[in-house]
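Visitor: Sequence:
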Amino acid sequence: MRIASRLAVIVGLALLPTVVLAGNNVTNSGAGISISNNVSGGGSVTQNISVSGNTVQNNGGAGISVNNSVSGTGSTLGQTVNATNNTVSDNGGAGISVSNNADSGGVSTSSVTTSGNTVTNNGGGGVSVSNTATGTGSTASTTVSSTNDSISNNTGAGISTTNTASTGGTATTSVTATGTSITGNTGAGSTGISVTNTNNGGVGTTATTSVDTSPGGNTLTGNGGSNPIVATNNAPNGAVVVNRTNPGGNPSPISVTTGGTGTTTLILP
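If you use our numbering, the sequence shown corresponds to residues 28 to 296, in order.
Be careful, since some hints might not be right.
[Unchecked claim] What follows is a list of derived Cβ distance ranges for each label pair: (1) T140 <-> G50: 16 to 22 Å; (2) T82 <-> S253: 30 to 36 Å; (3) L295 <-> N227: 19 to 25 Å; (4) T163 <-> P278: 40 to 46 Å; (5) S282 <-> N52: 21 to 27 Å.
These are calculated hints, taken from the structure and not from any lab test. Positions of the beta carbon are idealized from the N, C-alpha and C atoms, including for glycine.
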């Protein structure tokens with residue numbers, strides 16, 4: 028069984044859909060739950076997605092997949108995704124995958140909240156986010172908030188983000204974790220939380236990423252890599268900021284491995 032929702036917006040239409048997917052058992056398909064948006068021609072979408080109480084297992088691709096593409100000046104997407112109390116396991120790709128792309132002046136904003144989910148034994152990472160802005164005036168923004176999730180034993184990072192801005196685009200990604208357990212995620216390049224921030228343009232191109240574990244109560248243990256958080260900044264100095272405090276969690280504070288051509292700013296306890 029596969030659940031899919033696709034929306035295409037062309038030449039200025041405006042849609043305000045609410046998508047609710049609850050209590051389903053989705054197994055043995057390509058992607059488990061898949062939602063795609065393609066916005067162009069000055070179109071506008073405002074979308075609220077609720078994915079709750081589903082069991083998504085043994086699918087060939089990602090368990091839960093959200094893909095956004097916004098192209099052209101005047102084209103916009105404003106999206107809220109709430110994934111709560113789902114069991115996402117043994118899928119071939121990431122447990123939860125979000126791709127947010129803006130180009131040629133498009134504006135795409137996605138807010139992803141995960142809470143109370145069990146994300147385990149997936150072939151990719153636990154929660155995987157890609158955010159890309161290409162072209163002058165293009166803006167892509169993704170926020171990820173994980174609260175009381177259990178993300179374990181995935182082949183990839185527990186939570187990973189890739190944030191890229193090119194040729195005048197502006198890309199912004201933020202990750203916040205509260206009371207989330209990220210354990211036993213292994214495989215090539217895996218760790219607890221991994222963020223990569225890249226600026227491929229000159230003046231007018233901006234890529235920024237932030238990670239915040241300061242709400243506390245997080246457990247990041249037994250993952251691949253030498254430290255629970257890995258931050259790679261291929262943008263100007265300070266374009267990546269990591270608040271590694273973790274009151275009431277393990278470890279506290281959280282050690283961070285930094286790399287890339289630019290420095291990462293660490294907020295210490």
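Visitor: State for each hint whether it applies.
Guide: For each hint, the structure was consulted:
For T140 and G50, the hinted distance range of 16 to 22 Å is satisfied, since their beta carbons lie about 19 Å from each other. The hint said 30 to 36 Å for the Cβ distance between T82 and S253, and at roughly 35 Å that hint holds. Range check, L295 to N227: Cβ separation about 30 Å, and the 19 to 25 Å hint is violated. A hinted range of 40 to 46 Å holds for the C-beta pair T163 and P278, which are about 43 Å apart.
Hint check: S282 to N52, Cβ distance near 39 Å, so the stated range 21 to 27 Å is violated.
Of the numbered hints listed earlier, those contradicted by the structure are 3, 5.
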